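Q: The lines below spell out each chain.
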Amino acid sequence: MHILKKFDTKVIFVLFFISLFLVLIWLPNNKIIAGGDIGIPTYAPQKQLEEVTSSWWESHATGISSPVTYTAVPFYLTLSILEKLGMDSGMTQKIIFFTILFGSSLSIYYLGLNFSFNKWTSLIACLFYIFNLTSLSVWQRGVHNAMLMLLLVPLSLLILVWGIKNKKYVSILIINVVSFLLAYVFGALGFLFSLWLLWTVYIAVILFDSWSDKLARRFLLTYFFLLIISWIGSNLWWITNLLQSSNYTLGQFTQGELMSRGSDVLAALKPYHEPSIILRGLSRFYLYVVRDWGEIYSHPLFIMLSWVPTLIIFYTALIRTNYKLTPWRFLIVLTVLVLALSKGVNPPLGELNRIPFDLFQFLAPLRNTYEKVGILLTIPFSLLFALGINQIISIFKAKKMDYLHLPLLVVIVMCLIVLVWPLWLGKLFVSEGRKYAVSIPSYYSQANSWIKSKIEADDTRILHLPLSWGESIDYNWNYTGVEPSQYFFNGSSIGYQIGVPPVDSRIRDILLLIHKQDTLNIQKALVSLNIGWVVVHNETLFRDRILENPERIDAWLATKPPFIEYKTDFGPLSIWRVKDEYRARHFYSSGKLVRRGIPNPTSSLNVWNEINNLNDSFLTEIQKEQSLDKFIFKNTIIPTSKIKYSPLGLIDKETAINDIAKVGFLPDSPLFVLTLFKESLFSFLNQNDRVINCFDLSGKRLKEVVLLKRGRRLEEADKAIKRYENQFKECISVGKDTLSIYLNTPQARDLILSQLIRQKNILENEFDEQSLKEAVNQVKDILNEYLAKLGLAPKYNPVKQNLGKQLIVFDYLINKKGDYSVELKEVDEQLIKNPPQIIQIDNKAVDFSAAEVGVNIIRYPQIRLDEGFHEIQLETGEEKNILTDLYDNKKLHPDPGFTYQKDPESGEGYFRGAPSNAIVSLIFDIPNVSIEDIYEVSFDIYHVGGTAPMFIMTHDTDPTDSHGLIKPAVSRNIDFSTYPSGWRNVKLSYTPVLNATSARMIFMLSPQTGLNNPTEVLLKNISIRKVFPYQLVLEEDNPSVMPLGTAEIKSVKLNPTEYEINLTNQKLPYILIFSETFHPLWQITDSSGNKIDLPHFSINGFANGWFVDKELADRIKVKFMLQNALTQGIIIAVIFFIFSSIFLIYLDQRGKIK
Amino acid sequence: MILIESLVILLPMIVFYILGAQNKNLHPEFLINFIFIVLFISLFIFRSGNIRHMYLAFALLLLAVFASVFGLNNFLYISSSLSLGLLILGIINMLLFKKEEA
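Residue numbers (the working numbering), protein chains in the order written: chain A, 13 to 1166; chain B, 3 to 104.
The set of hints was computed from the structure by calculation and includes no laboratory data.
A quick note: this is a predicted structure, and the numbers were derived from the prediction, not measured.
For glycine and all other residues, C-beta sits at the position ideal for the given N, C-alpha and C.
Hints may be right or wrong, so weigh each one.
[What the hints assert, rightly or not] In silico DSSO-like cross-links for lysine-lysine, where the CA-CA straight-line distance does not exceed 27 Å: (1) A:LYS837 <-> A:LYS674; (2) A:LYS1103 <-> A:LYS1065; (3) A:LYS712 <-> B:LYS26; (4) A:LYS812 <-> A:LYS902; (5) A:LYS674 <-> B:LYS26; (6) A:LYS59 <-> A:LYS1129; (7) A:LYS690 <-> B:LYS26; (8) A:LYS282 <-> B:LYS26.
[Unchecked claim] Residues from chain A shown here face chain B by an in silico Cβ test under 7 Å; the list is partial: (9) PRO283; (10) PRO287; (11) LEU351; (12) PRO359.
Generate coordinates for the entire structure from the input sequences, incorporating the hints supplied.
A: Here it is in structure tokens:
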């Protein structure tokens, strides 16, 4: 017994020092983990604690509600206590890491002992638990939930094993306490499933093995039942909030969207979950895609080593005596279950894994199964690895092959050290390609101290510039990852797009306005967002993330915009304040009200011209309350898409029918069921791409219609059209979320587009029969509208197109039937001189010339449109070639390696490039590119011989590589392999990168070396034109608009979820605006907390608006009602915990007394 | 039994590679799913607690190691998937037909 204790003490010491060593080398000096998609969660824990105890996260842009907010409370509570004890964020993070490493490895050690493994086996197991490829991925990923899971899993299992072994119900109480302390884990709901999977499998295996023992069976069933009840009861403090807020989170999506989200993500992750990857517990993404540690893991030695633990684990299954051991049975069953779930849609029978995701939408958090469930592999892998080693040694001993001990020892050391070398060498967060451990510069805390009280007094928010497209940003102090302002600054910060589309649309609008330096509209845009302060981050590295250049922002601010004043600098942070007279505050009553059609997510809002006063507002949705209609001053509809018409590929009808699909049995054959069976079986087994497969099947359905019709079986053909229509609608639904990705993938785009073009061709040219016409027209309509919505083709074929003119097609979604005036806005002089003509509205040819031409506006006659989809086709001349002046200059002074010559026969001029021994380039500089427009590049080229030319577009803001060379935004080798020699025209579509102000177009020629075929290229007719850069806007004025009243509003922020409002001078009716993200749970209550029912809607694209048509009390409150769930949840959970604890202790004591 | 089940694995694999050589490529998932389903059915035909699946799983895992080191990606995909499949079958077999030894 004495020896046992001594050994245990030694193990504890070893684990203690290993944990300490690892923490110190992982986080040297005062560095903390920061960056990636996790931000800096351990910075300023007190601030984070305040945030997570609130159901409304005000710091993220205009606010957001998170369903699993509260799970982080114990974590941040612990951190803030450590902070109060005088520890900085570096030290607190070290303590957390140490606790996880030491606690988890010790748990595995005792788990091994509880499973009757000997001490050395248990020691190897706990070392392998720290040093394995799965743990390496978890640590390197840097997400605290997963790190804490590494502790919660073995610790909770140890308690469970101990409790069941010793028949102690009190172990349930300990599990509940541990679950509370580590509740941060449940912030990722997938881990919750994993944890319960672990506990359930253990209890199930024990139950299975002791089913014949009635007492044991009764104990286990009671234990499991009590575990479930008491765990749920004790965790109600966060579960209540989750359940209540989930109604609203899920409510944002349709059922179909949720279904496709779940299993489609699972399918998309297929390559990362292949059995060859998960069997080794490694991360394909980090080791073989991102290659954080270079090529070393692709070396055969490392590949071989990565399989060794798996081989040893599998080896334990070959030893018959293991089958009698309950711990082994548990570990191997757990391994298999976890692997079967982690493989996702990979074979065998991967398609089965899709079913639960398609049936149960609440499984969505589990869709990256390998990340969420795969973490459990660390338990059976470490214990089975150690057991396997032990059994191999036993065999060596039994067979007297002691000389093999040394090689085995070498293999063990290689697995524990060499295979996971980044853990030992401190290359986890900082290595050549990674920099996720940083020291935070002190100027952030200085700036926050200065601004904090002012923000609180103003109840306003900060705009951080440059804003991030998406969510990531790079700073020059080695930070790279999610924009971290919400960690540095108290109050609310707008710094990145938060993933809530209406808010992101407003942020995108500001990004575009800042880029354009449109001072007047920037001022208007800031008002309804309640922005009171602007912080310019001059430490931003703008090039790689395509952000606005801080120097440009500074240059704009140097022009002294009238609405903003400079205050101070902290390091590279420059702080500006929006003047009081340019702010509408957090709460205000609306002035003039306009309606703006659903904003196009890829362009600016285009609404600011209608907004004149600070409190003027706009609606972007149709409100249920018709009462608002009479107050709307103007209804403006912006096109949902704009395309320059070019006919889709021309194909022969018979070729289209032949190529579209192969058809076996027709629907009127009794054997057609076999076809359907084969299709579903193939979809199940083959797992071809779901979207492409769906469109292929729709082609097959259409061909069946054609064959039936040609066989004059019209009645059957009519039914087959319905079948085709249903199949096509299913494809629209299946591809709803992902089709845009497919259309950006050349091969998938070709497959889908060619299928759609064939179907369109067949529908338009094959069917003349009267009896089928109606059904065919209906489905044709669906197909064409689908193509139009994708921006691929107009819904209605142009009735005419004049030579030398271009046709621009605008699509609209009309929200209300009415008479609309049609206007082209902000047009230039050239267009004013030659105004375009409207030649078609939907499928009717018209001839609308401009009715009125203003300074920068062209008006057309009013048109009447019903609610729904509409299309207007506009005929206009070619846009001006931007290169005209540059081209003439270049003729006189061509770049080195080029000459300008004239064809003696035609007299046409061209550039001739013939590099002899160095690369030569023909360069055209394009000033003032517009990031909201699409350009069309066109040139004629003759590749006489040698190396193919390269076409490159670069921008003033492009990043450079490590050699200082520009990484061009567009680079294309021009492929001549399929063309006969001679002149050919090349047309390319080009969109400038989002932070560019100028571009450079380069034709680059390389000399041919080694062959007697010198490079020679001729170029002529080089042009770059904007694709019709104007919007054709529909407007409906309301001549009988009723004026809205106002109220004087003063607000006091009690906390982020509750505001007290004082109302005076209420002139009914008026709209009360609250500039936080719209959420149905923001409600108005009287001073005693009773809800006041008022029409509640989204206004200004994102905010809360209430229509007040009856006088309210002078003092009211605006509350986020979800906050009540926290209080209720805490009370219930505490009561439940106390009672369940007493009951569990009583059960144990009762046993003792007996 | 182990011989029959080895043939159930080997023969379709041979057919798969012969077809592949004739440019009649089948999706490897067909092969894996087919073998898995046949072996699953055979569990209930043989109803034996023999641990043959584990031997086959281990052998296939060794082949996967070989394929992995030599960069035979298609073979790695097939062998590792089958190895996992056989481990699953082995566990089902253990739970259903090896109770008496527990």
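Q: Against the structure, test the hints numbered earlier, and report the numbers of the ones violated in rising order.
A: Numbers 1, 4 and 9 - these are the hints that the structure violates, sorted from lowest upward.
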